[in-house]
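**Student:** Chains as they are written, first to last, in our numbering: chain A, 1 to 219; chain B, 220 to 806.
Because the hints were derived from the structure by calculation, they are not lab data. Model, not experiment: these values are computed from the prediction. Each residue gets a CB set at the ideal place from its N, CA and C atoms; glycine is no exception.
For the chain B half of the interface with chain A, some residues (derived, Cβ under 10 Å), not all of them:
| # | residue |
| --- | --- |
| 1 | D269 |
| 2 | S286 |
| 3 | Q305 |
| 4 | G456 |
| 5 | Q621 |
| 6 | A645 |
Letter by letter, the chains look like this.
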Amino acid sequence: MRRRHFLTLSANSLGGFLVYSLDRKASLLSAQHKPIRVPLRFFTEAEALIVAAAASRILPSDESGPGAREAGVAIFIDRQLAGPYGRDRFRYTQPPFEDAPRELGYQGSATPRQIYRDGLKGLQGFHFLAPAAQDEALRKIESTMFFSLLRQNTIEGMFCDPLHGGNAGMVGWQLIGFPGPRMSNFDEIEKYYGKAFRPKPVSLRQATGSKVRPSEDEP
Amino acid sequence: MKTLPAVDAVIVGGGWAGLLMAKELAQRTSLNIVVLERGPSRRASDYSTDMDELDYAIRFRMMQDLSKETVTLRHDAARRALPLRQHGAFLPGSGVGGSGEHWNAQVPRFLPDCFELLTKTSEKYGANALPESHAVRDWGITYNELEPYYTRVDKLLGTSGQAGNIRGKLLDGGNIFEGWRSEAYPTPPTKMPYFSVLFRDAAKSLGYHPYPAPSANISQTYTNPDGISRGGCTYCGFCARFGCMVGAKAQPTNLLLPVIEKRSNVTLRAGAWVRRILFDAVSKPAAARGVSYVASSGDEIFQPASLVFLASWTFNNTRFLLLSGIGEPYDPATGRGTVGSNLTHQVTVGAATAFFDRPLNRFMGSGSAGVLFSDFDRDDLDRSGLNFMRGGYFGARGYGFQPIGAFGVLPNSIKATWGSEWKKAAISCYDRTATIGFAGEHLAYKTNFMDLDPVYKDALGDPLLRLTLDWRDNERKMAAFATPIAVQVARAMGAREINPFPGLHSYDATHYNSTHIQGGTIMGDSPAHSVVSPYLQHWQLPNLFILGGSTFPQNASANPTPTVLAFVYRAADAIVDRYLKHPGPLA
Numbered sequence: 001m002r003r004r005h006f007l008t009l010s011a012n013s014l015g016g017f018l019v020y021s022l023d024r025k026a027s028l029l030s031a032q033h034k035p036i037r038v039p040l041r042f043f044t045e046a047e048a049l050i051v052a053a054a055a056s057r058i059l060p061s062d063e064s065g066p067g068a069r070e071a072g073v074a075i076f077i078d079r080q081l082a083g084p085y086g087r088d089r090f091r092y093t094q095p096p097f098e099d100a101p102r103e104l105g106y107q108g109s110a111t112p113r114q115i116y117r118d119g120l121k122g123l124q125g126f127h128f129l130a131p132a133a134q135d136e137a138l139r140k141i142e143s144t145m146f147f148s149l150l151r152q153n154t155i156e157g158m159f160c161d162p163l164h165g166g167n168a169g170m171v172g173w174q175l176i177g178f179p180g181p182r183m184s185n186f187d188e189i190e191k192y193y194g195k196a197f198r199p200k201p202v203s204l205r206q207a208t209g210s211k212v213r214p215s216e217d218e219p
Numbered sequence: 220m221k222t223l224p225a226v227d228a229v230i231v232g233g234g235w236a237g238l239l240m241a242k243e244l245a246q247r248t249s250l251n252i253v254v255l256e257r258g259p260s261r262r263a264s265d266y267s268t269d270m271d272e273l274d275y276a277i278r279f280r281m282m283q284d285l286s287k288e289t290v291t292l293r294h295d296a297a298r299r300a301l302p303l304r305q306h307g308a309f310l311p312g313s314g315v316g317g318s319g320e321h322w323n324a325q326v327p328r329f330l331p332d333c334f335e336l337l338t339k340t341s342e343k344y345g346a347n348a349l350p351e352s353h354a355v356r357d358w359g360i361t362y363n364e365l366e367p368y369y370t371r372v373d374k375l376l377g378t379s380g381q382a383g384n385i386r387g388k389l390l391d392g393g394n395i396f397e398g399w400r401s402e403a404y405p406t407p408p409t410k411m412p413y414f415s416v417l418f419r420d421a422a423k424s425l426g427y428h429p430y431p432a433p434s435a436n437i438s439q440t441y442t443n444p445d446g447i448s449r450g451g452c453t454y455c456g457f458c459a460r461f462g463c464m465v466g467a468k469a470q471p472t473n474l475l476l477p478v479i480e481k482r483s484n485v486t487l488r489a490g491a492w493v494r495r496i497l498f499d500a501v502s503k504p505a506a507a508r509g510v511s512y513v514a515s516s517g518d519e520i521f522q523p524a525s526l527v528f529l530a531s532w533t534f535n536n537t538r539f540l541l542l543s544g545i546g547e548p549y550d551p552a553t554g555r556g557t558v559g560s561n562l563t564h565q566v567t568v569g570a571a572t573a574f575f576d577r578p579l580n581r582f583m584g585s586g587s588a589g590v591l592f593s594d595f596d597r598d599d600l601d602r603s604g605l606n607f608m609r610g611g612y613f614g615a616r617g618y619g620f621q622p623i624g625a626f627g628v629l630p631n632s633i634k635a636t637w638g639s640e641w642k643k644a645a646i647s648c649y650d651r652t653a654t655i656g657f658a659g660e661h662l663a664y665k666t667n668f669m670d671l672d673p674v675y676k677d678a679l680g681d682p683l684l685r686l687t688l689d690w691r692d693n694e695r696k697m698a699a700f701a702t703p704i705a706v707q708v709a710r711a712m713g714a715r716e717i718n719p720f721p722g723l724h725s726y727d728a729t730h731y732n733s734t735h736i737q738g739g740t741i742m743g744d745s746p747a748h749s750v751v752s753p754y755l756q757h758w759q760l761p762n763l764f765i766l767g768g769s770t771f772p773q774n775a776s777a778n779p780t781p782t783v784l785a786f787v788y789r790a791a792d793a794i795v796d797r798y799l800k801h802p803g804p805l806a
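For reference, chain B alone in the conformation it holds in the complex (with noise of 0.2 Å):
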């Protein structure tokens, strides 16, 4: 192995988290800075010729490659786990700029509860309201203290919307159930799709609170406080599983790369492989001593560094902990470890699909233009004759439809799935279908957990990721409850015919659900049970810092993007400002 000579810090993945870091530390300090992406390079001038269903949307050209890593995946630790073959369930991305690249870009942020779960519903619903088996934990940490965070994410995006509360005064037309935010959104709300605006009068005619969808597409010009000026969206409808042709959407390319490729501080080496962290045990405290990859020419590199950002997507994360023998994997048996625990997704259903009588123009829109209502989710909802804990949203978003993946979405009542009738029948609901999204939160159990699996192999050689996941009837309630409120709803706007979402059974890898997968290396106020500190400081090794959804005890019904920027400034701060001048544990 070739050693290069040593830097002060190395970052492991380009993606959100790994580049908002690089650019914090270029931009307030002279560490000499590498960040190590397994995928392409790329710049956000890529994406001017992309807009190709087949090959994004469809065969997912920006996606990780699976013939190199997946993950293995069983429902329960009785059985044997198979890989995930091809894309399913979750699409993480590679490349420069990681999933940021080709995210839809919504950006609501997590209610103020979630950080404090148990806390809080222990005191609200008694010790026994969670399910049996729940793993939820608190984050050390309150939303008050992330608020000043989020904010500078919101600037940093641009993000356009409608607030509901300004410090704690609630605001009508915005989320009047968020928690509260120190100052209105930087840009306006978007413009919106047809669909969306039906949605929002018949929500509000049931009584509901509907306000525009926060999104990082920007309505209009905006300047970020680094100097970063991008125009606003032009409702191509070209967002999910691409980069922004106008550079509209928020992106690490377009949003940090600027900024870093101007710091000579900063070393950006794409096509690195990052296999290990290599750590001493024996000094006091003990301490990572940097990163060993497979570089693009098929060398394989120790990079030295005093300090170690681990930025690589909650499932990688938490793999380089198990194979560098970092922690104690969580063993599920005896509830010792931590490595791996609190596994969550998120509870993302078609809760009502709507077939109306006139066109709903769906090719125009962006991955984030479009109505949501939260009245079933918030911290104060009534409980009373609800079966299951915690709650989610709906939305309706005209995300911007192509004909592949839209064309022969029917009503229930059509038998055929190919042949004339079923032709017909396709060619006129196809622009007149649409689906009333719910995003609940998933809660953590004990039985939901990351570790290596013992059988397959990635293609340095290196033990797959194994997932054990499965819904549990909280999960299964949740989205039980959701539906006939999103069939009223579809009622209301007027649809001819509704599918109502048939259920949640088993955890499903075949169809789409999200990709905010979270846990694995998680944060909390103590080593018993996390893997890093609020500040997201390893426990043991105080100069390892582990940025991304990784850190999340449980997921929230909210989209993880601005939650994992948020934390990334804080810990920035915290390097910054008290690390770096006396390296040691912050917490």
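If we strip away everything but chain A, and leave its shape as in the complex, we get (with noise of 0.2 Å):
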């Protein structure tokens, strides 16, 4: 067994506690005083700060609104990697590996945990280095393996359903304006022609109103 680890998110920022009006302008309604401490499933702690320090340097808190750190991103892909995705369960894994030319795709034996794994031990101490030095160390590793992953699981972990961990109070929806899983939009659909149509988002256990289980967490 390993040790248990946890994510400490401090009060300011955790998106689940801040809602951003629909045009966009960030507002911070209510925050909780006490910062939450976040069970990890596959990171370790150290680990779990820099992917969430560099997930915020790929989808940064700014002027445009709320980025990955709002959003919940590390503790998302954290839960993926602890998932069937972390281990490559629906990948074809057989031997042997060769290179290949790009046109098809990745043919690395590396599952995204290993990957995450290397690629974190280059980023030791990450986490306490300022904004234009993350920048800096993230352009210097720009085309691996890993960045690629990384940012691709930011992207998902900022705007997929709150129920995989990721996109925490619906921030990410609500910076897009994508309202979530809307069961029918039969009388708006020819009603908004060039026109801004943006209802408040619902996630998919809110619309469907069932408890649905995530594919990373395994029965």
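Using the hints, build the complex out of the two chains.
**Tutor:** Dropping the structure here:
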């Protein structure tokens, strides 16, 4: 058994407690005062802090609105790596592994878990760096598989249904005006030509009223 | 191996083709039928909570489990093929309903001369008009013979659309370049997303003939001839890669399964992984004896049957013949053999990605709600000045865009791919971006084919199927021709910036193209060049029928499902009306 690791999130870093108005002006409606500790499934605490910091440079919290930090992207990635995605449950992983032209797709044997674990070794202390130095460090690994996964997973964690642990408080969806899984747009689809239709987002659990189990929570 | 009691018919694959055949035989005969489906069992009601982009659209929950079996690919026969280790260019489904559950339900018909492509092209343009090393063939059937079956398919699905040609009478607002149809569509066109309306108006202003895309996500409540009722689409936007939450999308689980389940003569076994067709080569004629499979329990089972149907999608239809030693594998060096020849895909490109200054509300839509124009997809196209053969259609569909997949599509002028500048641009473009698509015909070539891979195996130890596939000049020139047309339309739509399609190079398995891969067990009018007759009956084993896109000698521009289903209806008629009375060759 590995020692239990937690990611401690301060009051103003978790989107679950922030609500952004639909015109994308960030406005803090309520904030929890005590920090909360989220148990980690795959990362060590140090790894989670590096991933949170790096994701936050990919989708920064800035004047255009909340970013990976408020959405809880590091929590999302932690859960994904702990689940079937992280261990390549559905990928063809039989040898031999050979180099291939780009058009044949990723041919490596490393799973997302291994790619993260190795990649993070090269970013030790990353979360202590100033933003400009963090950007510099990321630019150096931009062409690696690790960065490409981190970038993709950051987007996933920003915009996935909150049931996966990212997009906390649906901050990602509010940022871009996505309303989540609406059961019907029948009355609206031809009514809003050229005008933004921005209903209040609903999550899948809210929309269906049922407890949907995400794939990373294996039975 | 355990041998089960013999049945009258065994059907391998529980998707559109297999379940339609099961339904027809079950309704019209007393045959004892078993359907074997490798994936899980599934019901239409499973989809009430599936609107989760991450698990379904990004992690591919409904697709084939590649850890157990994939295909290998190489661009030409001189190279070593490598496995496609993750999903990309195409998305074969798994489980009851197959790919027919997660499709977009776009249902155009093939053009009449597709079925006589070699003859018609040679007549019109001369014997040398087709590219060197093409393997284009006639299908052994004409559109006129197939039309009644297409009409039955439209009635089964309740297709929504606007006819452009009813018995030769051209109708404004429909596709006036399509083949004649005997009747109007069963239901009126769907509602239209804003982007599609902009496209329609721009296309019209440029002199093209836009029409509502035919859709099996239906526009209103419809009851089909089997008495199956379903409601209209709600434009929730969760179609491709999802099952339909309200059942408006035609799916095997909502149109075929309920009929089959009422019949006592059909048994559907999920989790049954078929490995071989067993056959008797000594009998005259030779005959399939049944199939062997591994059940979910792990037991090896032989299911004897008097009739065997392969309906396991293009790849495994071909692979089962190769693994079972049925027929002669195609050899590109000598041109001998038929099994595995004529592998085709589709020239599907995002011809112009357009950035607007207005919101498009792209989350509202359906996989087939949209507008198309086929001015460059017609039998009578004026080819003067064109440096390629055949053509394709342009379309603007409002698929229903979801954020993980759609975020970060930016004008070429933005170079950043992460960080504040990128984020700001991506937020701004998010709901102001859409792509004009082009779908073109892919001709068959002697050099594109399938055989068994010599190195890589599936989870049971059987060789994977190997694809040898690349684009050739005809496809590259076709895409290059389509791109400026789409750019011109995007400009007329008022786009402020446009990314033209950068061009087709080598076949790229990492980007989604379409799940329309055809060939391998093609039909034709003679056993010399084909595996099955136009009744989908195997030339050497008359009790073996092969259903699906594997029987297409080459692809069309149009999406294949209605054509697949039309041929299944036709085969079912021939089996019920003639074969069962006098088993033997139908053609």
